[in-house]
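Asker: Given the structure of chain A, go ahead and fit chain B onto it with the hints provided.
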Amino acid sequence: MLQFEKLKTAGCSTVNFSAWKRGVRDGIPICLGYFAVSFTFGMMAVGEGLAVWQAVLISAANITSAGQFAGLPLIVNGAPYVEMALTQFIINLRYSLMSFSLSQKIERQAPHFHRFFIAYGVTDEIFGVTVSQPGRTSPAYSYGVMCVALPGWVLGTLCGAVSGNLLPDFIVSALGLAIYGMFLAIIIPPAKKDRVVCGVVICAMLVSAMFRYLPPLRGVSSGFVVIITTLLVGGAAAFFFPIREDRAEEIADEC
Amino acid sequence: MNAEFFLYILVMAGVTYLIRMLPLALVKREITSPFIRSFLYYVPYASLAAMTFPAILYATDSMISAGIGFVVALLLSYWERSLLTVALIACAAVFVVERLL
Numbered sequence: 001m002l003q004f005e006k007l008k009t010a011g012c013s014t015v016n017f018s019a020w021k022r023g024v025r026d027g028i029p030i031c032l033g034y035f036a037v038s039f040t041f042g043m044m045a046v047g048e049g050l051a052v053w054q055a056v057l058i059s060a061a062n063i064t065s066a067g068q069f070a071g072l073p074l075i076v077n078g079a080p081y082v083e084m085a086l087t088q089f090i091i092n093l094r095y096s097l098m099s100f101s102l103s104q105k106i107e108r109q110a111p112h113f114h115r116f117f118i119a120y121g122v123t124d125e126i127f128g129v130t131v132s133q134p135g136r137t138s139p140a141y142s143y144g145v146m147c148v149a150l151p152g153w154v155l156g157t158l159c160g161a162v163s164g165n166l167l168p169d170f171i172v173s174a175l176g177l178a179i180y181g182m183f184l185a186i187i188i189p190p191a192k193k194d195r196v197v198c199g200v201v202i203c204a205m206l207v208s209a210m211f212r213y214l215p216p217l218r219g220v221s222s223g224f225v226v227i228i229t230t231l232l233v234g235g236a237a238a239f240f241f242p243i244r245e246d247r248a249e250e251i252a253d254e255c
Numbered sequence: 001m002n003a004e005f006f007l008y009i010l011v012m013a014g015v016t017y018l019i020r021m022l023p024l025a026l027v028k029r030e031i032t033s034p035f036i037r038s039f040l041y042y043v044p045y046a047s048l049a050a051m052t053f054p055a056i057l058y059a060t061d062s063m064i065s066a067g068i069g070f071v072v073a074l075l076l077s078y079w080e081r082s083l084l085t086v087a088l089i090a091c092a093a094v095f096v097v098e099r100l101l
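Going down the list, the sequences are from chains A and B. Going by this note's numbering, the first sequence runs without a break in its numbering and finishes at 255. Going by this note's numbering, the second sequence runs without a break in its numbering and finishes at 101.
Hints were generated in silico from the structure; no laboratory data involved. Do not rely on the hints blindly, as some may be mistaken.
Here are the in silico distance ranges between beta carbons for each label pair [to be verified]:
1. B/58 / A/49: 33 to 43 angstroms
2. A/162 / B/34: 47 to 57 angstroms
3. A/47 / B/4: 14 to 24 angstroms
4. A/76 / B/80: 40 to 50 angstroms
All of these numbers come straight from a predicted model, not from anything done at the bench. Note that CB positions come from ideal geometry on N, CA and C, so glycine has one too.
Chain A with its partners taken away, still in its complex shape (with noise of 0.2 angstroms):
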């Protein structure tokens, strides 16, 4: 309800409230993977000697999973500032390209201030759901997301912090699924309607395998793992089969 005045008093319509509670919506599910995920950040922060203020902080200031776990040893270890930065910048980068996807899906009359907040959440999550939005996405989608996904993320952290033995094994494990269920959810759908996106689904799983599994590739960080396969498989894609922009519209207007 709060949100709700909020929107209203920043001069927006019950058009935008509707935009608000579909991105409530696409959250839950968000909300509860963050929760498995940084309650495991959670755990091992405390475990590695941090205050449960500080791993909440952590969480609170960052929200991006790998960037977290791999942040952690190098406070307690006392890295030098400029390895956190690099490392930082190496596993996050990805978030570039997704922030420049976004920069063309708002809504184009929102006024710019909205892209400064919208930025604290581009998550691999929340760029899902907000690209499986057809047409142009309200900011208020953004933060109708944002207020459900983000808190699981900072009370994921505080309950794995505070008791390890909170939520049992098992549970942790189950959630573990969630994000990749959902981003299933988002990318099949519209690989079924169309050829090369189907293409460019199985070429992006298969170049991401190789990262994994070629040992010469096998030391290339996740995030960048990411970034090379994007560029690899979707800039073949765009130039092998570059799209029409009146189908590029039907296929986001199906989705």
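Answerer: For chain B alone, coordinates are given in the frame of chain A:
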């Protein structure tokens, strides 16, 4: 210790936020290049697929439960179930398989 800790957080969060914010704030105009437009159209599919596989196989305590969860999620997505349904039923499948093992 505390001053150091805050400095670490500042570096971490600052770098991460700038990576997210700069493209959003700087690229405001509509991109017209057909190649870049096409590339951006394929970005979500390529990046989400790359993040999902093979990582999904290592998301739970055993590769068997994760593999079954993967297949269940694939089928439900193919039948175009909602995000929440796919996520929850895939988790439930993992839960059941791990109880049985």
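Asker: Does each hint hold? Answer for all of them.
Answerer: Hint by hint, here is what the structure shows:
1. For residue 58 of chain B and residue 49 of chain A, the hinted distance range of 33 to 43 angstroms is not satisfied, since their beta carbons lie about 26 angstroms from each other.
2. At roughly 53 angstroms, the beta carbons of residue 162 of chain A and residue 34 of chain B sit within the given window of 47 to 57 angstroms.
3. Distance hint check for residue 47 of chain A and residue 4 of chain B: the Cβ-Cβ separation is about 20 angstroms, which falls inside the suggested range of 14 to 24 angstroms.
4. At about 45 angstroms, the CB distance of residue 76 of chain A to residue 80 of chain B agrees with the hint of 40 to 50 angstroms.
Hint compliance for this structure: hint 1 is the single one not met.
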